[in-house]
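Each chain, letter by letter, is given below.
Protein chains: 2
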Amino acid sequence: MEKLKRNERIAAIIKILGDQPNKIFTLNYFTEKFAAAKSTISEDIMVVKQSMEKMKLGKIQTISGAAGGVKFIPYTTKEQNKQILQSICNHLGEKERILPGGFLYMADIIYSPQMIHQLGEVFASQFNYKEVDYIITVETKGIPLALMVAKAMNLPLVILRRDSKVTEGSTVSINYVSGSSKKMQRMSLARRAIKPNSKVIIIDDFMKAGGTAKGMMDMMKEFDTQVEGIGVLIATREPQEKLVEDYIPLLILEEVEEKSEAVEIYPNPALI
Amino acid sequence: MEKLKRNERIAAIIKILGDQPNKIFTLNYFTEKFAAAKSTISEDIMVVKQSMEKMKLGKIQTISGAAGGVKFIPYTTKEQNKQILQSICNHLGEKERILPGGFLYMADIIYSPQMIHQLGEVFASQFNYKEVDYIITVETKGIPLALMVAKAMNLPLVILRRDSKVTEGSTVSINYVSGSSKKMQRMSLARRAIKPNSKVIIIDDFMKAGGTAKGMMDMMKEFDTQVEGIGVLIATREPQEKLVEDYIPLLILEEVEEKSEAVEIYPNPALI
Chain A
1 MEKLKRNERI
11 AAIIKILGDQ
21 PNKIFTLNYF
31 TEKFAAAKST
41 ISEDIMVVKQ
51 SMEKMKLGKI
61 QTISGAAGGV
71 KFIPYTTKEQ
81 NKQILQSICN
91 HLGEKERILP
101 GGFLYMADII
111 YSPQMIHQLG
121 EVFASQFNYK
131 EVDYIITVET
141 KGIPLALMVA
151 KAMNLPLVIL
161 RRDSKVTEGS
171 TVSINYVSGS
181 SKKMQRMSLA
191 RRAIKPNSKV
201 IIIDDFMKAG
211 GTAKGMMDMM
221 KEFDTQVEGI
231 GVLIATREPQ
241 EKLVEDYIPL
251 LILEEVEEKS
261 EAVEIYPNPA
271 LI
Chain B
1 MEKLKRNERI
11 AAIIKILGDQ
21 PNKIFTLNYF
31 TEKFAAAKST
41 ISEDIMVVKQ
51 SMEKMKLGKI
61 QTISGAAGGV
71 KFIPYTTKEQ
81 NKQILQSICN
91 HLGEKERILP
101 GGFLYMADII
111 YSPQMIHQLG
121 EVFASQFNYK
131 EVDYIITVET
141 KGIPLALMVA
151 KAMNLPLVIL
161 RRDSKVTEGS
171 TVSINYVSGS
181 SKKMQRMSLA
191 RRAIKPNSKV
201 IIIDDFMKAG
211 GTAKGMMDMM
221 KEFDTQVEGI
231 GVLIATREPQ
241 EKLVEDYIPL
251 LILEEVEEKS
261 EAVEIYPNPA
271 LI
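If you read the sequences in order, they're chains A and B. Going by UniProt numbering, the first sequence opens with residue 1, and the numbers climb by one from there. Going by UniProt numbering, the second sequence opens with residue 1, and the numbers climb by one from there.
Warning: the hint list may mix true and false statements.
Note that the list lumps identical chains together, so a pair holds whenever it fits in one copy or between two copies.
[As the list claims (entries may be wrong)] Calculated pairs, BS3-like style, for lysine-lysine (alpha carbon to alpha carbon, straight line, at most 30 Å):
(1) K242 - K208
(2) K5 - K78
(3) K95 - K221
(4) K23 - K199
(5) K38 - K56
(6) K82 - K5
(7) K23 - K95
(8) K23 - K54
(9) K259 - K165
(10) K214 - K165
(11) K199 - K214
(12) K165 - K95
(13) K33 - K54
(14) K23 - K33
(15) K95 - K183
(16) K71 - K56
(17) K199 - K95
(18) K95 - K182
(19) K33 - K5
(20) K195 - K95
(21) K182 - K242
(22) K3 - K78
(23) K195 - K71
(24) K165 - K182
(25) K3 - K59
(26) K3 - K38
(27) K259 - K195
Quick caveat, the hints were computed from the structure, so don't treat them as lab data.
Build the full structure now, drawing on both the sequences and the hints.
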């Protein structure tokens, strides 16, 4: 292998760490990859750490001991949150998005890899996920966002289905009542998808009354699983009393005025 | 702002480029961010480029001219493909995955952010997506993979739904016949999701007879859209005659022997 210069090693190290956030790489991994001494790699990592801190691009954490190594932790500041969330509000506030019934067309935003990649990092900065085992969502529209959160936290993603499928093996199904439409709905999950006594964070795109989030919490009870947090991209301000208590919305939707074509949506003040 | 050393600038530049593959950043973006001269930034970028090439971590492309700048292009070698795809085959070959009816439990693999992040880069290395406008998939299991492909290629993701939803506005719906089960199915898409005369790549998790892929192609006709390519994670070897002609599978599933608990699955020989 061609020997790399320090500059080049540093570029390669942050590329590898940044591609797999929250994964611990041992120093040995890098000493072997670059045929360099441990002390050399340690110095390289110090440079990477300083760079990320100075430019506010995230955090580098070194872990000592036998299982030690180094990892990249996504982190966004309040100032960065403000910029990211305000930009999404500007998009969502476009009056062309208003649909009959006061719904908002959001597919292009919530499926945009770049936008939700950033939102994944915003969520990773809000939750304590050290002991969390899975990110949970329910099909369909929350999946891209939940995947990006899972990637930022280095956790497996579990998707609850609306129906049980032959390709999932034995499943658990529950019925729940959608909070706003009062319609009876059903969700199911493969028995083997979650190990017992796990801890999870629930991620979804939209919360009105909180019926779906409540349904997911009920499902988690069936798996003897602890819900450590709930995150949603958008929560409506009304009803203020939702069916779940603790949740973190990134954006608050005040109202969609179909007649005057006005959308009032703003970042969660606690995050900016 | 605290002035960065060259080493630190290099780390920050590759972090920024790598986080948003295929997005062009102007030199001005970096000169302003680091308060450094253009010639300095150009030298930094050369170091990053060399590092990525030597370590086979992807490609850095510089674009000259008024709309010029620099971008990171994900790229995997045949050797890397072999390692990535063989590792997934080893997981999928575990006999505990075999379900009644000869199905394979795959949810943990196809929802694993780390694994499908790599698969997104493998697909990005196989397709020419320079003039492609969208990545298309149909709910549900292909969504995470399609999102990672979309992220690697810096393209918007479009998800076809099984039913039309009130939150999507006016939609186009088609019926299609699932190739293997001969069941009539339905998919729908919001009118506004795709601009006319676009080019798309279709991504899905699994192809047997190709009925779903054919359905997606039919849907694209309704949008006057050109399908430039089809990529699937797994294609079954039988039937060899599928309903679509050109497609790139990453893995070939020979057979699932329920009785002898054997799964024969291997990487597409053309990719390794």
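Now the hints, each set against the structure:
| no. | hint | verdict |
| --- | --- | --- |
| 1 | K242 - K208 | within (7 Å within a copy, 44 Å between copies) |
| 2 | K5 - K78 | between (36 Å within a copy, 26 Å between copies) |
| 3 | K95 - K221 | between (41 Å within a copy, 29 Å between copies) |
| 4 | K23 - K199 | within (19 Å within a copy, 36 Å between copies) |
| 5 | K38 - K56 | both (26 Å within a copy, 22 Å between copies) |
| 6 | K82 - K5 | between (38 Å within a copy, 28 Å between copies) |
| 7 | K23 - K95 | between (42 Å within a copy, 28 Å between copies) |
| 8 | K23 - K54 | both (22 Å within a copy, 23 Å between copies) |
| 9 | K259 - K165 | between (42 Å within a copy, 21 Å between copies) |
| 10 | K214 - K165 | both (22 Å within a copy, 22 Å between copies) |
| 11 | K199 - K214 | within (16 Å within a copy, 40 Å between copies) |
| 12 | K165 - K95 | between (39 Å within a copy, 20 Å between copies) |
| 13 | K33 - K54 | both (27 Å within a copy, 11 Å between copies) |
| 14 | K23 - K33 | both (17 Å within a copy, 28 Å between copies) |
| 15 | K95 - K183 | within (29 Å within a copy, 40 Å between copies) |
| 16 | K71 - K56 | both (16 Å within a copy, 21 Å between copies) |
| 17 | K199 - K95 | between (40 Å within a copy, 27 Å between copies) |
| 18 | K95 - K182 | within (28 Å within a copy, 43 Å between copies) |
| 19 | K33 - K5 | both (13 Å within a copy, 25 Å between copies) |
| 20 | K195 - K95 | between (45 Å within a copy, 19 Å between copies) |
| 21 | K182 - K242 | within (14 Å within a copy, 43 Å between copies) |
| 22 | K3 - K78 | between (41 Å within a copy, 22 Å between copies) |
| 23 | K195 - K71 | within (25 Å within a copy, 41 Å between copies) |
| 24 | K165 - K182 | both (25 Å within a copy, 17 Å between copies) |
| 25 | K3 - K59 | both (27 Å within a copy, 19 Å between copies) |
| 26 | K3 - K38 | both (15 Å within a copy, 28 Å between copies) |
| 27 | K259 - K195 | between (49 Å within a copy, 27 Å between copies) |
The earlier numbered hints are all upheld by this structure, with none contradicted.
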